[in-house]
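Student: Build out the structure end to end from the sequences listed, making use of the hints.
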Amino acid sequence: GAGDGNFLVVKLVKGIDKLAGIMNFKSKGKVLCVVAGDFTRDKNIELINGSEDKTLKIFENIDSKEPKYILYYDSWVTAITLGYLKLPEIDIPIYGLLAGTKNGTLQLIQFKENKPDIVWQRELGSQINTIAIDDVSNDGYHEIVVGTDDSFIKIFNSGGEELKAIKIEESRPISLKIIDIDADNAKEIIVGCADGSLFIYHNPNLDSLDIELKWKTSASNSIKIVSSFVNPDDGITNILFGGYDRSIRCISDCECGEKTPLEIPYNIKISE
Numbered sequence: 004g005a006g007d008g009n010f011l012v013v014k015l016v017k018g019i020d021k022l023a024g025i026m027n028f029k030s031k032g033k034v035l036c037v038v039a040g041d042f043t044r045d046k047n048i049e050l051i052n053g054s055e056d057k058t059l060k061i062f063e064n065i066d067s068k069e070p071k072y073i074l075y076y077d078s079w080v081t082a083i084t085l086g087y088l089k090l091p092e093i094d095i096p097i098y099g100l101l102a103g104t105k106n107g108t109l110q111l112i113q114f115k116e117n118k119p120d121i122v123w124q125r126e127l128g129s130q131i132n133t134i135a136i137d138d139v140s141n142d143g144y145h146e147i148v149v150g151t152d153d154s155f156i157k158i159f160n161s162g163g164e165e166l167k168a169i170k171i172e173e174s175r176p177i178s179l180k181i182i183d184i185d186a187d188n189a190k191e192i193i194v195g196c197a198d199g200s201l202f203i204y205h206n207p208n209l210d211s212l213d214i215e216l217k218w219k220t221s222a223s224n225s226i227k228i229v230s231s232f233v234n235p236d237d238g239i240t241n242i243l244f245g246g247y248d249r250s251i252r253c254i255s256d257c258e259c260g261e262k263t264p265l266e267i268p269y270n271i272k273i274s275e
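Residue numbering for the sequence shown follows our numbering, starting at 4 and increasing by one per position.
It cannot be assumed that every hint is accurate.
Straight-line C-alpha distance at most 16 Å; calculated EDC-like pairs for lysine to aspartate or glutamate [stated by the list, open to error]:
id, residue 1, residue 2
1, Lys-118, Asp-41
2, Lys-170, Asp-152
3, Lys-167, Asp-138
4, Lys-227, Asp-198
5, Lys-217, Glu-258
6, Lys-272, Asp-138
7, Lys-272, Asp-137
8, Lys-118, Glu-63
9, Lys-190, Asp-138
10, Lys-89, Glu-164
11, Lys-167, Asp-213
12, Lys-217, Glu-261
13, Lys-105, Asp-56
14, Lys-29, Asp-66
15, Lys-71, Asp-120
Label-pair ranges, simulated between beta-carbon atoms [unchecked claim]:
id, residue 1, residue 2, range
16, Lys-170, Asp-7, 31 to 37 Å
17, Cys-257, Ser-78, 40 to 46 Å
18, Asn-117, Gly-32, 26 to 32 Å
The hints are simulated quantities; they were obtained by calculation from the structure and are not laboratory data.
Note that the Cβ used here is the ideal one computed from N, Cα and C, for glycine as well.
Tutor: Right, dumping it as structure tokens:
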């Protein structure tokens, strides 16, 4: 997604080591967030973006010239993500699309009866900067983690009920990554902030919301992206983060491998 409104798909051309565009769609206003995944569950990867034109666009594939579905909002669509969620009283998890807006609207959307269907909507009262889906309560089910512009990390269950709110006093969260960085089977919440702070929160207990700050570090500018990779030499998961200082930093958890792993169940049963 680009600041001039272009929504691009590129691939690396072997031999010449250059990126070539294989899809391009121009919107009005900046493209603020992008995600790709099989939202419609037809074994095809859809391409999805949110932008300043107050729409969420869903493209069927990389050959699409126009979006197949468009959802309209009253403000910019500032954050989107895809992930499995088990809804209350439904056995089979959905592959849900989460969308957040500048005005603080949070929606869970599923694909039902051949069209996008809004499962629930919540009003958070502040711009939603980032969204992630994963198990942070160590109960084997996925939660929704949201970073808002009023300096909160908020955790919701699949039904949209707020379970916990963590206040970040120093800054505003703008990026999220949920991954196990210390090899104890429990996934940490990694938060990148507008002032360059990076916070790592962990939950040491099973089936709980005992989420606490584990450690933090900082960079000189806003941390726009947080990612990770596993070092093939030692198997340690490293955190990658970067932003407006045009650099990428790589760090790891000094306690990796020292804690007894938790026996966390995996209760998300995905149908083929």
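Student: Now tell me if each hint is right for this structure.
Tutor: These are the hints, each one checked on the structure:
Distance check on the hinted pair: Lys-118 and Asp-41 sit about 13 Å apart at the alpha-carbon level, within 16 Å; holds. With a C-alpha separation of about 11 Å, the suggested pair Lys-170 and Asp-152 falls inside the 16 Å cut-off, and the hint holds. Only pairs whose Cα atoms come within 16 Å are accepted, and Lys-167 paired with Asp-138 is accepted, the gap being roughly 14 Å. Distance restraint check for Lys-227 and Asp-198: the Cα-Cα separation of roughly 10 Å lies within the 16 Å cut-off, and the hinted pair is therefore satisfied.
A hinted pair counts as satisfied when its Cα atoms are at most 16 Å apart, and Lys-217 with Glu-258 qualifies at roughly 11 Å. Simply put, Lys-272 and Asp-138 have alpha-carbon atoms about 14 Å apart, close enough for the 16 Å limit, and the pair holds. Restraint check: the Cα-Cα separation between Lys-272 and Asp-137 comes to about 14 Å, which is no more than 16 Å; the hinted pair holds. At most 16 Å may separate the alpha-carbon atoms for a hinted pair to count; Lys-118 and Glu-63 meet this at roughly 12 Å.
At most 16 Å may separate the alpha-carbon atoms for a hinted pair to count; Lys-190 and Asp-138 meet this at roughly 7 Å. Between Lys-89 and Glu-164 the alpha-carbon distance is near 13 Å, which keeps this suggested pair within the 16 Å criterion. A hinted pair counts as satisfied when its Cα atoms are at most 16 Å apart, and Lys-167 with Asp-213 qualifies at roughly 10 Å. Our distance criterion of 16 Å between C-alpha atoms is met by Lys-217 and Glu-261, whose separation comes to about 14 Å.
Taking the CA atoms of Lys-105 and Asp-56, the gap is about 12 Å. The hint holds against a cut of 16 Å. At roughly 14 Å between alpha-carbon atoms, Lys-29 and Asp-66 fall within 16 Å of each other, so this suggested pair holds. For the hint linking Lys-71 to Asp-120, the alpha-carbon distance of about 14 Å falls within 16 Å, and the restraint holds. At roughly 36 Å, the beta carbons of Lys-170 and Asp-7 sit within the given window of 31 to 37 Å.
At about 42 Å, the beta-carbon gap between Cys-257 and Ser-78 stays in the expected band of 40 to 46 Å. A hinted range of 26 to 32 Å holds for the C-beta pair Asn-117 and Gly-32, which are about 29 Å apart.
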